[in-house]
Amino acid sequence: MAHACRPAAPAGQRRKTRKSKLARREFLRLTFSIAAFASLSRPAGAQVYPARPVRLVVGFPAGSTPDIVARVVGQPLSEKLGQQFLVEARPGAGTNIATEVVARAAPDGYTLLMAVTTNAINVSLYPNLDFSFIRDIVPVAMIGGAPFVMVVNASFPAKTVPEFIAYAKANPGKVNMASPGIGTTAHFMGELLRMMTGIDLVHVPYRSSYLSDLFGGQVNVVFSSIPQLIEHIRTGKLRALGVTSATRVDVLPEIPAIGEFVPGYEASGWIGIGAPKNTPAPIVEKLNAEINAVIAVAGTKARLVDLGVEPIPMTSAEFGKLIAAESEKWAKVAQFAGVRPE
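Just so you know, the working numbering puts 205 at position 205 of the sequence shown, and the rest follows in order with no gaps.
Keep in mind that the hints are not guaranteed to be accurate.
What the hints assert, rightly or not - Below, simulated DSSO-like cross-link-like pairs (lysine-lysine); rule was C-alpha separation at most 27 Å, straight line:
| hint | residue 1 | residue 2 |
| --- | --- | --- |
| 1 | Lys321 | Lys332 |
| 2 | Lys80 | Lys277 |
| 3 | Lys169 | Lys237 |
| 4 | Lys174 | Lys332 |
| 5 | Lys332 | Lys301 |
| 6 | Lys329 | Lys169 |
| 7 | Lys237 | Lys174 |
| 8 | Lys159 | Lys169 |
| 9 | Lys159 | Lys174 |
| 10 | Lys301 | Lys80 |
| 11 | Lys286 | Lys321 |
| 12 | Lys286 | Lys301 |
| 13 | Lys277 | Lys237 |
| 14 | Lys277 | Lys321 |
| 15 | Lys169 | Lys332 |
| 16 | Lys237 | Lys159 |
| 17 | Lys286 | Lys80 |
Stated by the list, open to error - With beta-carbon atoms standing in for the labels, derived distance ranges:
| hint | residue 1 | residue 2 | range |
| --- | --- | --- | --- |
| 18 | Pro172 | Gly216 | 18 to 28 Å |
| 19 | Pro127 | Val48 | 36 to 46 Å |
| 20 | Ala302 | Pro91 | 24 to 34 Å |
| 21 | Ala289 | Pro172 | 50 to 60 Å |
| 22 | Arg104 | Thr160 | 41 to 51 Å |
| 23 | Val251 | Ala51 | 37 to 47 Å |
| 24 | Ala325 | Thr247 | 49 to 59 Å |
| 25 | Glu88 | Gly216 | 31 to 41 Å |
| 26 | Glu254 | Val297 | 41 to 51 Å |
| 27 | Arg71 | Lys237 | 38 to 48 Å |
| 28 | Ala62 | Glu260 | 35 to 45 Å |
| 29 | Thr160 | Asp250 | 16 to 26 Å |
| 30 | Lys169 | Lys329 | 37 to 47 Å |
| 31 | Met195 | Pro61 | 22 to 32 Å |
These are calculated hints, taken from the structure and not from any lab test. Even for Gly, the Cβ is constructed at its ideal location relative to N, Cα and C.
I would like the entire structure built from these sequences, with the hints used as guidance.
Structure representation (structure tokens):
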């Protein structure tokens, strides 16, 4: 049986069909190329960050306030972002070991620094390091401020800040001030008071706890984080004279601010998060937004307040301005006191 032959399409229609297929192929090729270019042109890892665990490097031992704060903030960040935020304690050299670890890490957002007031002090205290906190660490987010408290042993004659200043002036070289070490925040808070009032304090740095000597009267005064000594204050074993923040704090409402007697005195500690320089801006912005959201949650905020840290959300730029101002402030104190690292 003969097969019926389909009539051939006119030449003009065949040309139109071929052009239509070519146009469709060209459209698909261009669409794919544009999509591929767009994915390549965005900062690497910005869309999927974090895709693996993130290290939070702390320059203090496990169990210290910065270490605990890192865990308090790291846990909800892990839950929100789907990757673990692992706390790594790298104590030593006045936080310089931890800072160098982060400064030399890849700028990909997977190694972060728990930055504290000591980092700003170290800018002037250690000017010849191979790395720089200001130059090599990008401010990511502020977590909060941490007022300290000025405390004397129960047998010390002064019961107020004015009485302490008067006693120190009347007994030059006889008032001993303990601290966890040269260049620590506690040390510089005392030096700031000395600079602003003209009193004479003998600095006694400790490598371990100074509490037994403070209780026994071998040393007379310390500037300490509030949680560390609050129970001893409440039981009367130690006497709080003033808090270092510009205003009184809720946890010790009856204790005046030192600034009420020494105008302009303010020396709160602070804690935040930094990253290696050249970390992509989208990663910094994402971390900033997530950290600000975490510290605003009631449960996290309450845990931070219990640690003596008042949550203070900031943009990364605002945090950077704070660090610059703090570095300048403590440089003046270091110059006045003639402080040199141990």
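Tested hints:
1. A distance of roughly 17 Å separates the Cα atoms of Lys321 and Lys332; the hinted pair therefore holds under the 27 Å criterion.
2. Between the alpha carbons of Lys80 and Lys277 the distance comes to roughly 25 Å, so the proposed pair stays at or under 27 Å and holds.
3. Simply put, Lys169 and Lys237 have alpha-carbon atoms about 25 Å apart, close enough for the 27 Å limit, and the pair holds.
4. About 25 Å separates the Cα atoms of Lys174 and Lys332, which keeps this hinted pair within 27 Å; it holds.
5. Among the hinted pairs, Lys332 with Lys301 is inconsistent with the structure: their alpha-carbon atoms are about 33 Å apart, more than 27 Å.
6. For a cut-off of 27 Å, the pair hint linking Lys329 to Lys169 stands: about 25 Å separates their Cα positions.
7. Of the pairs offered as hints, the one joining Lys237 and Lys174 holds, with about 22 Å between alpha carbons and a cut-off of 27 Å not exceeded.
8. For the suggested pair Lys159 and Lys169, the alpha carbons sit about 15 Å apart, so the restraint of at most 27 Å is met.
9. Using a Cα cut-off of 27 Å, the hinted pair Lys159 and Lys174 holds, with the two alpha carbons roughly 17 Å apart.
10. About 16 Å separates the Cα atoms of Lys301 and Lys80, which keeps this hinted pair within 27 Å; it holds.
11. This hinted pair checks out: Lys286 and Lys321 have alpha carbons roughly 19 Å apart, not beyond 27 Å.
12. Taking the CA atoms of Lys286 and Lys301, the gap is near 20 Å; set against the 27 Å cutoff, the hint holds.
13. At roughly 46 Å between alpha-carbon atoms, Lys277 and Lys237 are farther apart than 27 Å, so this suggested pair is violated.
14. Note on Lys277 and Lys321: the hinted pairing holds, with a Cα-Cα distance of about 16 Å set against a maximum of 27 Å.
15. A threshold of 27 Å between alpha carbons decides the hint, and for Lys169 with Lys332 the separation of about 22 Å falls inside it, so the pair holds.
16. About 13 Å separates the Cα atoms of Lys237 and Lys159, which keeps this hinted pair within 27 Å; it holds.
17. Distance check on the hinted pair: Lys286 and Lys80 sit about 12 Å apart at the alpha-carbon level, within 27 Å; holds.
18. Distance hint for Pro172 and Gly216: a CB-CB separation of about 23 Å, consistent with the stated range 18 to 28 Å.
19. The hint said 36 to 46 Å for the Cβ distance between Pro127 and Val48, and at roughly 40 Å that hint holds.
20. Checked against the hint of 24 to 34 Å, the pair Ala302 and Pro91 passes, with Cβ atoms roughly 27 Å apart.
21. Roughly 52 Å separates the CB atoms of Ala289 and Pro172, a value that falls within the hinted 50 to 60 Å.
22. Range check, Arg104 to Thr160: Cβ separation about 48 Å, and the 41 to 51 Å hint holds.
23. Under the hint 37 to 47 Å, the C-beta atoms of Val251 and Ala51, about 40 Å apart, fit the expected range.
24. Between Ala325 and Thr247 the CB atoms are about 18 Å apart, so this pair departs from the stated range of 49 to 59 Å.
25. Remark: the range hint 31 to 41 Å for Glu88 to Gly216 is upheld by a beta-carbon distance near 36 Å.
26. For Glu254 paired with Val297, a C-beta distance near 29 Å fails the hint of 41 to 51 Å.
27. For the hinted restraint 38 to 48 Å between Arg71 and Lys237, the CB-CB distance of approximately 29 Å leaves it violated.
28. Hint check: Ala62 to Glu260, Cβ distance near 37 Å, so the stated range 35 to 45 Å holds.
29. For Thr160 and Asp250, the hinted distance range of 16 to 26 Å is satisfied, since their beta carbons lie about 21 Å from each other.
30. With their beta carbons about 24 Å apart, Lys169 and Lys329 fall outside the hinted range of 37 to 47 Å.
31. For Met195 paired with Pro61, a C-beta distance near 30 Å keeps the hint of 22 to 32 Å intact.
The structure fails hints 5, 13, 24, 26, 27, 30 (numbered hints given earlier, in ascending order).
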